[in-house]
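With the hints as a guide, dock the two chains, each given alone in a separate frame, to form the complex.
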Amino acid sequence: MRSRRSSKKELAEALAAIAVILSFEFAAPAIALAVGTMGIGDIIAAATFAAGFGAGVAFWGGWVGNCLYTGYLAFTHGWAALNNPSPWLCGAVTAGVL
Amino acid sequence: MSTLRLKSKIYNLFLGILIVVLVFLGELYLSKTISGIKLPPLVSFAIGAPLGILLSAIIVHEAYRRVFSSVKVMSLRHMVINIITLLAILLAIELVVLIFISLNYLFKFSPGYFVGFVVIYFVLLMLLNDALIYMYVRGLGGRDGRLILVRLVSNDKYNGFTINMLYHDLVIAMYPEEFDKCAVDVVDVHEGYHARHKHTLILNAILFIGLSMLVYYGRRGYPMLWTALPFLATLLLVLTRTFELLADRAVHRRLGPKSLEGFRTVLKSLYEVADPRRAPIRSRFTHPGKRDLAFLYGDVVGAYAPWEFPLLASFFAGFVTTGIYPVPSVDVYIKLASLIYISVVIGLFLLTMLLGIVYRPIIRWFGEGLGDDSVIDLSMIDASIFIMGSAMSFVFYSIYHSWLYSNITAIAISFIFSLLVTWFALRNLRRALLTAVSITLIFIALDYLYYVMVPLIHVLYFR
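Going down the list, the sequences are from chains A and H.
For the first sequence, the numbering used here gives the first residue as 34, with consecutive numbering after it.
For the second sequence, the numbering used here gives the first residue as 642, with consecutive numbering after it.
No false leads were mixed into what you were given.
Pulled from the structure, derived: some chain A residues nowhere near chain H, Cβ distances all over 12 Å:
#: 1; residue: 99
#: 2; residue: 105
#: 3; residue: 109
#: 4; residue: 125
Distance windows between CB atoms, simulated:
#: 5; chain 1: H; residue 1: 764; chain 2: A; residue 2: 49; range: 50 to 56 Å
#: 6; chain 1: A; residue 1: 49; chain 2: H; residue 2: 880; range: 31 to 37 Å
#: 7; chain 1: A; residue 1: 72; chain 2: H; residue 2: 655; range: 49 to 55 Å
#: 8; chain 1: H; residue 1: 918; chain 2: A; residue 2: 107; range: 57 to 63 Å
#: 9; chain 1: A; residue 1: 107; chain 2: H; residue 2: 967; range: 41 to 47 Å
#: 10; chain 1: A; residue 1: 41; chain 2: H; residue 2: 987; range: 30 to 36 Å
#: 11; chain 1: H; residue 1: 1039; chain 2: A; residue 2: 108; range: 35 to 41 Å
#: 12; chain 1: A; residue 1: 108; chain 2: H; residue 2: 752; range: 40 to 46 Å
#: 13; chain 1: A; residue 1: 129; chain 2: H; residue 2: 850; range: 47 to 53 Å
In short, the hints are calculated from the structure, not lab data.
All C-beta atoms, glycine included, are put in the ideal place defined by N, C-alpha and C.
Chain H on its own, in the form it takes in the complex (with noise of 0.2 Å):
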């Protein structure tokens, strides 16, 4: 890397940080000015949302103005940024609206009505979305079923973008005149698998339960609810990183290992460099470093990142922990359920990673042919299904108000779901049986005095 780029790095990223405390400085600044003025929540948002949206509309508008730089026709590039920006925006109000009418009225409903209204909202919604999207881009590009592809001309890059909707997928793929067939059908087959599993779809029906169901319960009572939050986060950052895995490994089952070198032409024409783990940052938050294990083998287990599994299962137990009581609104609970919540998260993080340690050797033995990294993920992985299994056994505390039943339970179900992912891994049942029976004996040996430790927390709240 030269010294320039380097700098401009630097840069960039003081310049990244400098908004951020700017943007933070002016909120508490506005906050304790405009706090005098009482609003009705209604009218609060009717100025604040559309303020909001707007903003994020100019972001994204700006972000795909610079991705599509490079493609060549002037009208196809601006009717492509719309159309990203008029879904940004769709999905922006509609979420907005979401969150405003749980605040303030669905918090009335019972759970059931609640969650049913929920979901036929979503459905509606992106119904509602596809026949907009659909009339905008009806009679551009190829129509093969449900798919709509769009291909560019582009100077030099090679790219590709999914957005799933209810019926019909748009594909939009953007590659130069004189392209490399390889590279081409990579973009193709990665984007077509998106396209086909409906991945960004998901990821806003989760997005759109889970937060409505925060401000639902949140609203009714539950002062901790917050610690959803990072769960949430992480959970849809692992499950983004997931699906961009499945595929690229999609496109090494249709193209083989040669897969890879179409992949680093794409890697080459984006960023200037063959390596995917030097790719910039905003591409490996979603993109893992080690996909070139997925082109190259197929390799989905072992391009994870080692950490990621254990975060998750860390903020997953922080919420279980404290999140799901309604304690009182009061300072001591809160500061105290909050002092519970950090040592979790930082304690169960370590311990996960000392106990995928642990379960590495047990790993390694049985499981012959995977190679350094799927050993490391998978021991990761299964310790994180135990300690989120553990931690379900205040759920099932809440069932059985018995500490030996929710134990007997958590331990079951983390037996088999441990099971199920190494099959998943090893592919062979005998080898997976062994492991998560050996597994499941060494959680129990080492981590009975945790199993005592789990009601001490509880006593803390309801004694």
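Looking at chain A on its own, in the form it has when it is part of the complex (with noise of 0.2 Å):
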């Protein structure tokens, strides 16, 4: 069953409930605070811990370092593997190649 419907009218569809969805997450803080639920503080130390700059630094320094790393060593290692092949490497290969 092949669609029929324009696009276009789903396109304003898909604009309007952005701007609703929109509308409706800046409107949760805004009544949280009004009532009193939550304070400019919450907001402040929300919006830290969502930003989580240190963590971040942390996790791509290091996780991601260290794995990037652990790859530079395979990759020289390997190579030095290759330049300078040990005898049973010599006999692997040659075996295979018989």
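Take a look at the structure:
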């Protein structure tokens, strides 16, 4: 069954939905502030958590960095192993070729 | 629809509501009357469980007596009704015993031992059910390996039922003496698919393991754990509907588009309508109204209702947001958590639907050849995946203790799942990848603020 509806109408609906979502998202903290469920401090704290700058640096600098370094070591050692082959490796490759 | 039938429907509806209200009031009255009497749990169980099981057996027996009323041979009719009632009683006893022992004894186990116990309990009892039912139906119907096929001759109705056991599968098919070959094939292939893929066994396993884990953790001090119940119920419902659609697609693959004609014959014999959208609600609850798409085109995605995955996602998000924390069982905490649960469920249901509407032009753009129904359903499924993923960032927070990692992981998992589902629907990796990348970017752009809000709910609990 092929689609028949015009995509322009759907695009307009999508834009309207985006407007509703954004106003909904901005309204939620505004209402919470107005009611007194939370204060400005909570907003700042939450935004800080979400941005998590220090954690981000630790993540990219630590875990990802280590992965990259491991890859680097594997590459260099692999290169060295191929350039200075051991008798066992030579034997295995020869046997494989034969 | 004639006025007389409409009147009888309204009458039935009111009768149903009246019975529910009366039962509720009766329970309220009884609970007040007997609240003064304190009995040991084992005694309450020994009195309450048989009464409840007896009531459910009577209801099941009565319901299936009506379903099989058009079967011609009286002895076969009773035999089939008895088999189904026997299975219902066995499952009810097993479930109730499991809940009772989890509530009173098993909650002392560690989680690993508990789950192990429940799995072994389930497997052993399903073997027992298999043996009992097999002894009952031995010699009845035809055998094909693990499949036992019982064919019944009815006055005018086509119908089929499947009971999966651990080893054997029992299929009960009924049709009139002068039958339409295509309609019989539809019933056979549909039920055969249910039987081969152990659908009712899977649903039973989820019910047993899910409910017992709820009781286990509930007893160990998670007072908001009841929020998992709506999620579990919706999960079982969506799974049931998925299984039905897959069985319908199996019929399409075997018989081609002419399977729709056979299906219409079955539907006419049962409900006197040719359109599954006009079937009674008790049928449409588990069998989607748009299932003719599955018969005609083999289109499973398009046959879902647009609301079902957003509903599943919002119940899941509500459960994860409030249910998994051991909050103190103090009135003010429970009230706050309940308020958060209700607002999260309602809010995220609306948000998921809106997000689905935002995704729709993209799915339409990349999903060349998808029908209207498939486009809207796939958008809603993808939106639900992102909402579930963002709720999962609560679970990841309990592992990483950093919102950044949690949100990155949640986005990554949502991306992978949306890619998978879109690929299943489109069967084209390039288009699926383009779709998944686009909707992930839109979700991040649109819901950054939502991600900022997520830690705020957490702050309410832990500061």
